Structures are given as structure tokens and as C-alpha cells.
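A.B. asks: In order, the protein sequence lines correspond to chains A and B. Going by the numbering used here, the letters in the first sequence line up with residues 1 to 331, in that order. Going by the numbering used here, the letters in the second sequence line up with residues 1 to 307, in that order.
Wrong hints could be hidden among the right ones.
[Claimed, not checked] Capping the alpha-carbon separation at 25 Å, the derived lysine to any residue pairs in SDA-like fashion look like this:
(1) B:200 with A:14
(2) B:200 with A:241
(3) B:200 with A:282
(4) B:200 with A:73
(5) B:200 with A:126
(6) B:200 with A:159
(7) B:200 with A:145
(8) B:200 with A:134
[As the list claims (entries may be wrong)] To be clear about the criterion: a stretch of chain B counts as covered by chain A if any three or more of its residues have a C-beta under 8 Å from a C-beta of chain A, and this derived list gives those stretches:
(9) 54 to 66
(10) 90 to 97
(11) 106 to 114
(12) 150 to 163
Since the hints were derived computationally from the structure, they do not count as laboratory data. Source: prediction; values computed, not measured. Here a beta-carbon is modelled for each residue, glycine too, at the ideal position from N, C-alpha and C.
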Amino acid sequence: MTLLAVNGLETTFFTREGEVRAVDGASFTVERGQVLCLVGESGSGKSVAALSILGLVPNPPGRITKGSILWHGEEDLVRASERRLRELRGNRIAMVFQDPMSSLNPYLSVGTQLIEVLELHRGMGRREAEKHAIRALGEVAIPAPESRLRQHPHELSGGMRQRVMIAIALACEPELLIADEPTTALDVTVQAQILDLLDDLRQQRGLGVLFITHDLGVVSRMAERVAVMYAGRIVEEGHVDEVLVRPRHPYAEALRRSTLRLTGERLPKLPELAGLPPSPFARSAGCAFEPRCALRVEACRSVAPEERGLTLFGRSHRVRCHVVLAEKEGG
Amino acid sequence: MTRFLLRRIAWLVPTLWVVVTLVFFLLRLAPGGPFDGERAVPAEALRALEAKYHLADPLWRQYVDFLGGLLHGDLGPCFRYPGRTVNELIRMSLPVSMLLGTLAMTLALAVGIPLGILGAMRHNTWVDSAAMTVSMLGISIPRFVLAPLLVLFFSLKLYWLPVARWESWRHMILPVVAAGLPAAATIARLTRAGMLDVLKSDFIRTAHAKGLSERAIVVRHALRGGLLPVVSYLGPGFSGMLVGTLVVERIFNIPGMGRYFVEAASNREYNLVMGITLVYGGLLMTLNTLVDVAYAWLDPRVRLDEK
Numbered sequence: 001m002t003l004l005a006v007n008g009l010e011t012t013f014f015t016r017e018g019e020v021r022a023v024d025g026a027s028f029t030v031e032r033g034q035v036l037c038l039v040g041e042s043g044s045g046k047s048v049a050a051l052s053i054l055g056l057v058p059n060p061p062g063r064i065t066k067g068s069i070l071w072h073g074e075e076d077l078v079r080a081s082e083r084r085l086r087e088l089r090g091n092r093i094a095m096v097f098q099d100p101m102s103s104l105n106p107y108l109s110v111g112t113q114l115i116e117v118l119e120l121h122r123g124m125g126r127r128e129a130e131k132h133a134i135r136a137l138g139e140v141a142i143p144a145p146e147s148r149l150r151q152h153p154h155e156l157s158g159g160m161r162q163r164v165m166i167a168i169a170l171a172c173e174p175e176l177l178i179a180d181e182p183t184t185a186l187d188v189t190v191q192a193q194i195l196d197l198l199d200d201l202r203q204q205r206g207l208g209v210l211f212i213t214h215d216l217g218v219v220s221r222m223a224e225r226v227a228v229m230y231a232g233r234i235v236e237e238g239h240v241d242e243v244l245v246r247p248r249h250p251y252a253e254a255l256r257r258s259t260l261r262l263t264g265e266r267l268p269k270l271p272e273l274a275g276l277p278p279s280p281f282a283r284s285a286g287c288a289f290e291p292r293c294a295l296r297v298e299a300c301r302s303v304a305p306e307e308r309g310l311t312l313f314g315r316s317h318r319v320r321c322h323v324v325l326a327e328k329e330g331g
Numbered sequence: 001m002t003r004f005l006l007r008r009i010a011w012l013v014p015t016l017w018v019v020v021t022l023v024f025f026l027l028r029l030a031p032g033g034p035f036d037g038e039r040a041v042p043a044e045a046l047r048a049l050e051a052k053y054h055l056a057d058p059l060w061r062q063y064v065d066f067l068g069g070l071l072h073g074d075l076g077p078c079f080r081y082p083g084r085t086v087n088e089l090i091r092m093s094l095p096v097s098m099l100l101g102t103l104a105m106t107l108a109l110a111v112g113i114p115l116g117i118l119g120a121m122r123h124n125t126w127v128d129s130a131a132m133t134v135s136m137l138g139i140s141i142p143r144f145v146l147a148p149l150l151v152l153f154f155s156l157k158l159y160w161l162p163v164a165r166w167e168s169w170r171h172m173i174l175p176v177v178a179a180g181l182p183a184a185a186t187i188a189r190l191t192r193a194g195m196l197d198v199l200k201s202d203f204i205r206t207a208h209a210k211g212l213s214e215r216a217i218v219v220r221h222a223l224r225g226g227l228l229p230v231v232s233y234l235g236p237g238f239s240g241m242l243v244g245t246l247v248v249e250r251i252f253n254i255p256g257m258g259r260y261f262v263e264a265a266s267n268r269e270y271n272l273v274m275g276i277t278l279v280y281g282g283l284l285m286t287l288n289t290l291v292d293v294a295y296a297w298l299d300p301r302v303r304l305d306e307k
């Protein structure tokens with residue numbers, strides 16, 4: 001069942017220096033009980049795409065300018081009222097942010113921050129919500145949950161805070177969890193614990209997860225499907241085995257080559273991708289990756305490639321590249 | 001918390017002693033005396049007066065006498081108002097100033113905080129610009145201009161309110177407004193800046209992602225942090241207000257402490273200056289302690305008991 005279908009999403013920031021199209025026609029879907037990883041470098045539009053889903057892009061200066069975000073295949077969140085979005089946020093669609101140090105309110109106790117979503121979305125009374133909150137903290141493996149309710153964020157470690165964030169996000173048993181680099185700010189041990197926790201919850205509850213990261217190690221561990229984002233567009237999307245092991249798009253291929261493999265041999269020097277991502281103020285009419293691409297042809301400069309399916313191993317796999325598609329069509 | 005308060009109270013006494021001692025000797029060092037005026041007092045009368053008030057005694061003797069009196073809560077006689085003691089003057093005038101100051105500060109908070117919140121919530125809209133223009137005017141117009149303008153309009157043109165004096169609640173309105181509005185303007189700007197700062201935080205984005213309404217976000221998540229600048233202003237602001245009403249008290253002929261403030265110093269009313277110093281110093285220290293307590297109450301990261 002498709003929980004969320006984002007189609008041709010375009011989110012633009014109208015700044016004094018000009019228009020910035022942070023998300024430029026991105027399409028992806030999240031299924032029930034499935035993890036979709038959105039990967040890409042800083043500034044590729046991952047986070048803005050996530051915020052767009054919840055209608056949380058700061059406006060002004062930002063606004064969704066095109067496309068649709070279908071919830072359960074029918075309700076378009078781009079057109080939904082603020083009131084309806086508030087009903088969904090934290091309730092059916094929850095979000096966990098990158099930095100647990102600053103994402104929790106330092107002035108309020110853990111209990112208050114957890115209980116308020118239960119009171120708001122579940123209409124629970126104080127006492128019932130408190131009981132529920134203790135259970136929610138227990139579920140994310142926080143020891144001594146009763147005594148945590150009265151604690152404040154500064155009294156908790158980074159890993160504990162992110163668990164609290166996750167407990168808050170999952171308190172109302174959402175169908176979709178958007179996790180925006182939830183482990184980037186944590187050390188590797190804690191990171192592994194949090195990832196295991198999310199994976200357990202996904203399996204137990206059939207939670208759909210949109211997982212945003214730039215860490216390919218995390219991707220291979222978490223995801224079933226991966227979407228690679230570059231300059232506001234999804235350049236390749238497919239099953240994790242295909243996209244990580246045999247990427248088709250030249251950018252995804254460059255990403256793959258830049259990761260380390262522990263083989264026991266002397267480590268080779270990692271190849272790097274020459275050049276910089278295009279300026280967000282000057283997007284070309286053609287493929288955004290064209291200036292850095294080794295495979296570029298004449299058409300890349302003037303015509304933006306469409307997303308087209310490639311069928312590999314019988315799974316859907318989409319690539320946005322003239323050269324790859326020409327090869328496929330040519331046999 | 002209790003230990004913090006006890007420590008603060010224990011510090012109050014030595015601090016006030018240092019302040020009082022400094023002021024005592026500085027005043028005596030200043031040229032002139034309490035009975036110097038445009039017309040010289042006859043030498044004989046002057047000697048009699050100085051003997052009566054022990055002003056001819058050696059300085060150390062006067063200081064010891066003063067401290068002795070202080071220990072009994074006696075600030076000594078007043079030179080200009082014969083038969084009156086400093087204690088009496090303060091007892092009569094301080095409550096009036098306190099009432100005026102408290103009412104004015106209440107008004108300032110009641111007007112300034114909502115105005116500041118409104119400005120922050122409607123940041124960069126005409127509402128924000130309007131609120132901030134009004135508060136800029138409020139800060140720029142001195143009380144000695146604002147007060148006569150209020151009198152001119154509300155008393156002399158509209159005949160709504162009395163021109164001066166301090167008798168019924170109707171007499172209080174104009175002085176309270178004149179004393180409170182400039183503070184309201186300051187508070188509005190502080191609130192707006194504080195709220196804007198907090199509203200930019202990551203945890204406000206989290207609150208939005210939880211589905212909370214704008215109102216709940218402002219009231220529950222932003223206000224505490226946003227009001228911290230106002231709270232730190234309140235300590236000196238409030239004690240300043242009690243004294244700053246001096247101009248207002250003059251204009252409305254209010255029998256508060258303000259008029260003694262300048263008079264006492266320029267007339268070398270030694271005892272009265274000491275009394276006012278004590279009141280002001282004690283008040284300032286008490287308010288600063290209260291501000292610290294309020295800070296700890298608002299921000300759980302602040303711990304009072306730790307060194």
C-alpha cells in the first residue's frame with residue numbers, strides 16, 4: 001500500500017538574491033512498512049523535500065510551487081489546509097530531526113513535551129497521557145522511564161535525547177516517520193542502537209519510513225529502496241542492492257566509488273568527484289550534473305533528462321540520464 | 001534554593017554597610033554643608049545648629065554615632081524640616097512611590113509583553129512595524145514631555161482626569177501612564193527581540209512538526225525563553241522606575257520619595273541621603289535576587305545552589 005506519493009515536487013525559496021529552487025521536480029513514494037532512504041550531499045534538497053511533505057517550509061521565503069504530495073493515494077497535502085496539516089503532523093506523519101541537542105525544548109521537561117502530543121492528538125487526560133508516555137519511553141529502550149518524565153533535556157545524553165525525540169514522534173503511532181539525518185550528530189555506537197530501534201519499530205508496526213542521510217553505510221543497513229538526490233532532483237531510484245552495488249547514474253556511480261571497502265588490503269586513495277554542485281541560483285536548462293559528468297553528450301547541456309524506468313532484476317529502477325537511457329534503448 | 005536565598009541575605013548586610021560608608025564619607029568630603037544657603041546664617045546660630053545636630057564632632061565620632069543609630073533603625077533628624085525625622089519622611093513617601101512604581105510597572109508589562117509578542121509573531125509585517133514604531137516613540141519621548149502632553153490633553157482639553165495630586169484612583173491614572181509607557185516601550189522591544197530569537201530555534205520547528213497550533217507554540221514553547229531578556233531588565237528597571245518616577249512625581253505634585261532624591265543631595269541633607277541610599281540599595285539587591293530566582297524558575301538549566 002502506498003502511504004505517500006510525491007510527484008514532481010518543486011519547492012522554491014524567493015530570496016532577495018533571486019529564486020532558489022531547492023527541490024526541482026522530485027518524485028518518490030513510500031510504502032507501508034518500507035524504508036526509503038533519500039541520499040545526497042548537503043544542499044541537494046533532501047531536508048527541504050522532507051519539510052515540504054509536512055508543510056513546514058518556512059514561508060516566506062519558501063513555498064511549494066509545483067507538484068503534488070498524495071497521502072494514502074488521494075489526499076493532496078500541497079492543497080491541504082493548515083488545520084488539516086496540523087491534524088496529521090505528529091499524529092499520522094511524525095518527524096525526527098538531526099540534532100537532538102537543539103530539537104528538544106530546553107525549558108520544558110521530557111514529560112511535558114511527550115504528553116502534549118498525546119493530549120493534542122489523542123484527547124487523553126493528564127493521567128492517562130502520563131501512563132502512555134512512560135510506556136512510549138520504555139518502547140524506545142530508555143531505562144527508568146518514570147523518572148525521566150520530570151527530567152529536562154540537558155540532563156540527558158545525546159543518545160537518550162534522540163530516543164526521547166523518537167518516543168515523541170512515535171507516541172501517537174504514526175503511519176509515516178520522516179527521519180532527517182537522525183543519527184548524524186551521534187557517535188557510532190549510539191547510532192547503531194538508534195538504527196536498530198527504528199528497524200524494530202518498523203517491523204513491529206508496519207511503519208513507513210522516509211530516512212534522509214548522506215551516509216551510505218546507514219543506507220545499506222536501513223533501506224529497502226534508495227533515492228539519490230542531486231541539485232533538487234532525484235537522479236536515480238531503486239532497490240538498495242541495485243542502486244548501491246550497480247548504480248546507473250554517473251553521479252550515483254561516483255558516490256559508490258567514493259566509499260571505502262574494508263578488504264584487508266592496503267587502502268587505496270579514494271577517488272573524488274571533481275568540481276562543485278551547481279549554484280542554486282543558476283540552474284541550467286539541461287542536466288544539473290552535466291558540468292561534472294564524464295559521460296556527458298551534447299543533449300545533456302540543453303535538455304533536462306526525464307525520469308525513465310529501467311527494468312533490472314524485475315524491480316522498478318528509475319534513472320534520470322540521457323546516456324544511460326540511450327544505452328538501454330540502443331540495446 | 002533556600003541556601004541561595006540565605007546566602008544572598010547574608011551578603012545584603014555587608015554590601016549595604018560598604019555602600020553606606022562610602023556615601024557617608026563622600027558626602028562629608030563634598031564642599032558646603034546643610035545650612036549653607038544664599039543668605040549666610042549668623043555665625044552664632046550656625047554654631048548652635050551644628051551643636052544640636054553634632055555636626056561639629058570629629059568625623060569618626062559622627063560616623064560611629066550614625067552606625068549606632070542605624071543599628072536601632074534610627075536614621076536621625078532632618079535638617080530642613082525641623083521636628084521631622086528621616087524615618088518619618090521615608091515612611092510617608094516611600095509607600096506612595098512604591099505604589100506609583102508598581103502600578104506603572106504593571107502597566108508596562110501588561111502593554112509591553114503582548115505588543116512584543118505580536119511584533120515577533122507578525123515579524124516583518126505592517127503589524128510589527130506599527131508596534132515597533134510606537135515603542136520607538138515611547139522610548140524617545142522623555143517623561144517630562146509625555147506627562148505635560150497627557151495633562152494638556154486629558155485634563156485641560158477633555159476634562160476627564162485631574163491635573164495633579166495623589167488622592168483617588170482617578171488621580172493615579174495619568175502619572176501611572178506617564179511613568180509606565182516608556183518602560184512599556186522598552187519591554188515591548190525586549191520581548192520582541194527575545195521571542196524572535198527563540199522562534200528561530202530548532203525546537204520550535206519540532207513543535208510545529210508535532211502539530212501544535214501557533215498559539216500553543218508561542219505560549220508553551222517560546223514564551224519562557226523569550227521573556228528572559230525582560231526578566232533581566234526588571235531588576236534594575238523596576239528600581240529605576242521607583243526613582244525614575246521623580247520627574248512624574250514633580251509634575252503631578254505627588255508626595256513620593258522622588259523629590260527628596262535630588263533635594264537631599266544638593267542641600268547636603270546628610271541623614272536623608274543616607275536613608276535614601278539604604279532604601280535604594282536594599283531595593284536593588286532584593287530585586288536582583290528575585291530576578292535570579294525568576295531566571296531559575298524560567299530556565300531549568302540555571303542552578304542557583306551551585307557555585
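A.B. asks: Evaluate each hint against the coordinates.
C.D. replies: Here is how each hint holds up against the structure:
Distance check on the hinted pair: residue 200 (chain B) and residue 14 (chain A) sit about 19 Å apart at the alpha-carbon level, within 25 Å; holds. The hinted pair formed by residue 200 (chain B) and residue 241 (chain A) fails the criterion: a straight-line CA distance of about 40 Å is larger than 25 Å. Under the criterion of a C-alpha separation no larger than 25 Å, the hint pairing residue 200 (chain B) with residue 282 (chain A) is inconsistent with the structure, at around 28 Å. With a CA separation close to 34 Å, the supplied pair residue 200 (chain B) and residue 73 (chain A) exceeds the 25 Å bound.
As the CA atoms of residue 200 (chain B) and residue 126 (chain A) are separated by approximately 29 Å, the hinted pair breaks the 25 Å bound. Taken as a hint, the residue 200 (chain B) and residue 159 (chain A) pair is honoured in the structure, with Cα atoms around 24 Å apart against an allowance of 25 Å. For the proposed pair residue 200 (chain B) and residue 145 (chain A), the alpha carbon gap of about 30 Å is over 25 Å, so the pair is violated. With a C-alpha separation of about 30 Å, the suggested pair residue 200 (chain B) and residue 134 (chain A) falls outside the 25 Å cut-off, and the hint is violated.
Coverage of a stretch by a chain is defined here by at least three residues with a beta carbon nearer than 8 Å to that chain's beta carbons; for the segment 54 to 66 of chain B and chain A the count is 0, and the condition is violated. With a cut-off of 8 Å between beta carbons, the segment 90 to 97 of chain B has 0 residues touching chain A; three or more are needed, and the interface restraint is violated. For the segment 106 to 114 of chain B, the stated coverage by chain A is violated: 0 residues have a C-beta nearer than 8 Å to a C-beta of that chain, whereas at least 3 were required. Residues of the segment 150 to 163 of chain B lying with their CB closer than 8 Å to a CB of chain A number 0, which falls below the three-residue condition for coverage.
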